[in-house]
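J.: Chains A and B supply the protein sequences, listed in that same order. Residue numbering for the first sequence follows my numbering, beginning at 1 and increasing consecutively. Residue numbering for the second sequence follows my numbering, beginning at 1 and increasing consecutively.
Be a bit skeptical, because a hint or two may be false.
[Unchecked claim] Some, not all, of what chain A presents toward chain B, calculated at C-beta under 8 Å: (1) Val-12; (2) Thr-104; (3) Lys-189; (4) Ala-284; (5) Val-313; (6) Asp-315; (7) Ile-316.
[Stated by the list, open to error] Chain B stretches covered by chain A per the calculated footprint, using a threshold of three residues with CB under 8 Å from any CB of chain A: (8) 109-117; (9) 258-264.
Hints listed in this document are in silico derivations from the structure and should not be mistaken for laboratory results. Every residue gets a Cβ at the ideal spot worked out from N, C-alpha and C, and that includes glycine.
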Amino acid sequence: MKIIVYLGTGGVGKTSVAAASALALARTGVRSMVITTDPSLRLRTALGLADGITEQQVPLPDSEDAGELWAALLDVRATLDEAVRLYARAGMAQRILDHPIYATIASSLVGMQELMAVERIDQLRLRGFDRIIVDTAPSRHAFEILDKPALFADLSSSRKVKLVGRTYKLVSALGLQSIGRSAIDIYAKAEEILGVNLVRQVLDFYSIFYPIAEGYSRRAERTVAMLRDPAVTEFRVVTTPQKAMRDAAFFTSALGERNFPIGAICVNRAWLHAAPEPLPGGMAGDVLGWYSAVSESHRAAVWSLKEAYGTQVRDIQVFSELERDVDGVAALDVLARQIHLPL
Amino acid sequence: MDHQAPQPQARILVLCGKGGVGKTTLSLALGLRHASQGRRVVIVSSHPLPELGIAVSLDGLSRRFPEASRNLFVVHLDPRELLVEVVERAVPVPLVASTILNSSIFQNLVEISPGLKEFYFLARLQQLAERKRAISGASTPDYDILIWDAPASGHFLATLRAARAFETYLTGPLAAAGANLDRFFSSAANMSILPVSPLEEMALTETFEMADALSREFQLGCDALILNSVSPVVTASDADLATLHIDDSSAPALRFAVNRGLAERELCAEIRHRIAAPQVSVPRIRHWDGDLDLLDQIGEWLNIPAAL
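Work the whole structure out from these sequences, hints included.
T.: Okay, structure coming up:
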């Protein structure tokens, strides 16, 4: 099994590129699955994920194609609920689900989405998919997919949730005297600064939630090991001409710090046609003049990117923007045919 | 508006919307515009500002727009730094404060307390908006306009919800502070909501969802909808449009530009059914790379008054 993780900021068409990649791979005869977080309505419809369906096999455009294309929608809250029901200690599931803190962690704990993606990869690995394409959350923090499992592992280690959770139990059972002097000081100060109420609520919640965090981090460790193995996983950055230099700088350094190579930079949504010369008059001339100004700045941006990053990133690909939003698998196919993928 | 008695706080203009739609550039252009009209403006962002930090040398800005740059302030609020301040305020002894900040117990508590960072972000935003000088004669700067270059829509809503979450799951002073922030940030008297979107289906869908949530949960309506990167076809007259013909023999560039423009025009017509607010169009231009004249031009296109 191989994994492709697409990273990128918002609005670059990352989900379309991920889905098109899955399509291109399926066409080579393998079973491929794209895991996406937030596809547009059109894409959702194209992938058969409308109306609450969270996993679907998508018919390939040509009947003679041999592989399978699947698409899955990542629902953070539902995945977390399921994990709580599966992994909580007896009698604790309902207490966790009803806890006031629980209602907010699915949406507000940074990296939750990435963590759920990691959980999903682990499940898919067992189901015999050859290629998994991950479309990460649309933010500059998306590479937290790499950090979060570690954070959760930390959280559930003695230094984190376990300590927080158990200390709380000890504190409530025996009083503060029974834990280390310095820890008491810190807790007392934290309560002073953040508010007794907040600290107690959080401790109370994590004292019942940490077995779930532990389970997550155990499974996440396995998945992160796969993500760390360049023979298994390739990281690709999706960007647009306007953002190419900025995104390349950001992602090469963010991934570099974590010792991950970038497999490819995909410059999506480029306007590549040359305008006819001389320009016609009237409205057509206005529209063409406008197009060619934007198009020239796109070509200049791609050129600068190749100049600056061509030696560092072995693969820089440019995809032209579609005239209309991606509509149906056929339109996805136009993009799929532009993408070069490792087999 | 400029001649009225000072309001109790700066007007907050919120540029919100999907990631990557141009909120930061437009915030800067709008800030520059108001600052050049003599208003004191602060632009607040919660994400690092490569655009502002790299592309605009503040030096260049003060040379090109000396008047405006005296009135224009840019603040990056890093949630982590805000918490450092909270601790340092509460614990005056630096050694003790740094022990707390460096302890894993404290760091973990902060990391796993939902909404804590957002809560302190909102508290600071409110503080920046308060016009201390007008009220108490304090010497700290105050502003006529605060432009909030908001995070992408999901996180923007989560930030607004953080105050309310504090109110519901806590009791005591933090709950009261949460209720206070919640009142402040759900008041249309303090906030002008200015969603930014290109004429693309996905960004618009997200904008509609965000506008619905703002109205449902916070009783905040949209004051204007900023359509960014629009094609000249969108703003063309029907007569001009009628002169555009494309067929299979047309140059691919023309076919692309016209089809794209017509798709945008269709979307533009649909929007009014979803968001009744006035629309402001900013044409798509070559990539903005820090060109100050272009920034000035964008500000002119934006032309959003201080009091909506």
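J.: All hints, please: hold or fail.
T.: Results of checking the hints against the structure:
no.: 1; hint: Val-12; verdict: holds (6 Å)
no.: 2; hint: Thr-104; verdict: holds (4 Å)
no.: 3; hint: Lys-189; verdict: holds (5 Å)
no.: 4; hint: Ala-284; verdict: holds (6 Å)
no.: 5; hint: Val-313; verdict: violated (19 Å)
no.: 6; hint: Asp-315; verdict: violated (23 Å)
no.: 7; hint: Ile-316; verdict: violated (18 Å)
no.: 8; hint: 109-117; verdict: holds (count 8)
no.: 9; hint: 258-264; verdict: holds (count 5)
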